[in-house]
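**Student:** Chains as they are written, first to last, in the working numbering: chain A, 1 to 198; chain B, 1 to 438.
Honestly, the hints are just simulated from the structure, not real lab data. Please note that a few of the clues may not be correct.
Computed spacing ranges between beta-carbons, pair by pair [claimed, not checked]:
1. A:Met147 <-> B:Arg247: 42 to 48 Å
2. B:Val430 <-> A:Asp56: 40 to 46 Å
3. B:Leu418 <-> A:Lys81: 26 to 32 Å
4. B:Asp282 <-> A:Ser66: 43 to 49 Å
Note that the structure is a prediction, hence the values are computed from the model and not measured. Each residue gets a CB set at the ideal place from its N, CA and C atoms; glycine is no exception.
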Amino acid sequence: MDESRLIRECLANRKGAYKELFRRYSGKMLALCRRYARHEMEAEDMLQDAFIKAFDNLKHFRATGSFEGWLRRITINTAIKYCQRKSFSKELTGYEHLPDAGQAAKAGDALSEEFLMYLIQSLPDGYRLVFNLYAIEGYSHEEIAAMLGISASTSRSQLVKARRMLQMRIHAAETPGKPHEKTKPAPPLGDDTPVKAP
Amino acid sequence: MKDDRNVDAHFKHFRDAEAKTPMHLWPAIARRMWGPSRHRRYLLLWLAGALVLAGGLANYAGRNGRKLSIHPMVKDAASIVPVAPAAKPKTPVASSASAEMVVVSGVERAQALQPAVPATHRRRTIAAKKAAAVSPVHGSSTVPEADARITAPPDRSAAAQQPKGRRRVAHSTLASLPRLVPHLAGQQPEPSVQWPPEASCSGTRKIHIPAAAYLELYAGGTKAEMFFEPKAPEYKALARLRDSTERAEWGSLAGIRLGYTHKSGLSARAGLMVQRMRAVFDYTIAQDEKMIITIHRDDSGNIIGRDTTYERGMRHLHIHNKYTTVDVPLSIGYISSGKQVQLGLFVGAALNMKFDVRGKYVDAIGTIRSLDGQALYKNRIGVSFFGAVQAHYFLADRWGVFVEPQLRFFPSDFSTALQNTRHKAATFNVLGGLRYVF
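Work the whole structure out from these sequences, hints included.
**Tutor:** Listed below in structure tokens is the structure:
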């Protein structure tokens with residue numbers, strides 16, 4: 001079924017069409033959310049909110065651009081709002097800087113996709129947002145400044161710092177013999193690890 | 001700088017990256033899209049509140065009606081006034097026409113106040129004082145006189161001849177009309193009974209409880225005890241683990257309720273209550289990594305550098321979960337009354353309107369997840385049962401404060417089929433609040 005028809009079906013309130021839209025785009029959007037979130041749980045929450053917002057506003061979608069682009073923009077805005085929430089910044093203490101152990105456990109090989117993702121997730125919030133928006137999404141500093149409510153120069157300096165931090169860590173990972181700098185995550189949880197329900 | 005820019009190249013491919021979506025995400029979105037809306041839940045809550053309020057108002061209106069049922073007798077007495085020549089009062093008063101009106105309203109007020117307040121000797125005196133003080137025609141000299149008569153010691157032999165119950169009160173009030181209104185004294189035969197009618201008012205502790213409706217506002221603390229039971233034999237260890245790691249802390253509750261006490265001491269109450277239980281669980285990940293960022297500053301506080309180091313070790317998590325219930329509690333009980341203190345014993349059931357759990361949990365592979373948007377707990381948990389003891393102290397005519405320890409048990413399982421353990425709770429609540437007697 002093509003995209004425009006799928007959207008028409010959604011507007012006719014067919015649950016199957018909504019599910020199909022979710023199935024098509026949830027993978028890409030989840031990958032996007034993971035870059036903005038600090039851990040998996042937050043990424044999933046972001047994704048849920050983004051899809052609900054998109055479904056609620058589907059009637060406002062004009063087929064001038066691609067649906068994916070429209071959905072991506074909604075998801076990015078949702079992620080930014082998440083990161084700007086007070087509770088989000090208050091959680092930044094101690095271990096909370098780290099992604100989940102499960103997530104980190106996958107980051108075994110240097111420069112593997114998981115490792116690079118881990119590096120993004122471990123960036124401070126401000127750096128992570130600017131780096132994602134500029135280096136990956138391709139927004140200009142002026143656009144980023146407008147989206148985040150900061151000045152363009154702040155955006156530039158945050159980007160430089162983020163790049164420097166990433167460069168340092170990548171370099172450390174590629175160079176053997178610097179154990180404390182190399183981000184070697186915890187091994188997977190053993191069978192004897194207490195497991196809490198459900 | 002060039003090196004820095006090259007960093008971007010490592011991450012460019014993330015733009016088109018795709019991840020595998022967990023199975024539970026779509027059901028969570030579908031539930032938020034098409035599940036029972038918040039508006040509907042609030043509507044139900046408001047309906048319940050409105051029902052309780054309507055019940056209370058109806059009760060109050062009913063009581064007004066009963067008060068009016070005494071009026072015909074009073075009116076009979078008052079109707080004599082216009083046709084009879086007004087005797088000159090000992091104290092200066094307004095014209096007889098206005099005096100009739102005010103006198104009747106004064107008596108009405110005295111009668112209206114009587115059933116609503118506990119029939120302690122002291123409080124009846126207050127009510128009568130108020131009634132006398134309200135009526136301007138009594139003048140300053142009549143008030144002490146009325147008081148003196150009202151507070152006079154009871155005549156037990158005369159009281160024994162009086163009719164029982166409400167009729168007795170109405171009769172006595174009528175009989176005392178000339179005493180309360182001196183300028184009417186000549187028109188009424190001197191009653192053979194003294195005020196107060198009840199022999200029990202002479203300082204004994206046994207108090208007659210008047211039928212009364214009341215409104216209570218309360219708040220307090222709640223401490224929960226959580227119970228975990230396995231849903232299958234293989235989850236016994238899991239249930240034990242949850243039992244040992246999850247413990248409750250003091251939460252809070254607040255509510256409003258309307259009650260009605262019969263003169264026999266039986267009482268019924270209904271209202272709306274919000275209770276928030278708080279639970280904590282500690283979780284330890286045997287091996288984890290901690291990132292330490294050290295910021296270096298110069299003497300003037302400017303940041304001059306930053307070190308990032310990693311430490312391996314155990315990770316302890318201290319997770320707070322909140323369980324919120326919104327209930328309509330209904331209870332019946334018995335109240336025993338002293339001079340200023342009432343003690344009540346209540347049992348009841350609370351119908352749950354909303355159950356909500358916020359917090360986190362650890363899934364089977366050790367990942368910490370949010371409970372938001374996941375169907376791990378029910379939205380409603382049916383009926384819970386409670387028992388309570390209430391001690392109430394009258395501060396004034398209609399106002400009082402009370403304290404009420406409560407034990408509450410939730411027999412229903414909080415968890416849905418997605419959990420492997422049944423989750424129940426019992427709570428110990430301590431309520432304190434204000435009571436207004438209508």
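**Student:** With reference to the structure, classify each hint as holding or not holding.
**Tutor:** The hints, checked one at a time:
| no. | hint | verdict |
| --- | --- | --- |
| 1 | A:Met147 <-> B:Arg247: 42 to 48 Å | 44 Å, holds |
| 2 | B:Val430 <-> A:Asp56: 40 to 46 Å | 44 Å, holds |
| 3 | B:Leu418 <-> A:Lys81: 26 to 32 Å | 29 Å, holds |
| 4 | B:Asp282 <-> A:Ser66: 43 to 49 Å | 48 Å, holds |
Going down the numbered hints, you'll see the structure goes against none, and every one checks out.
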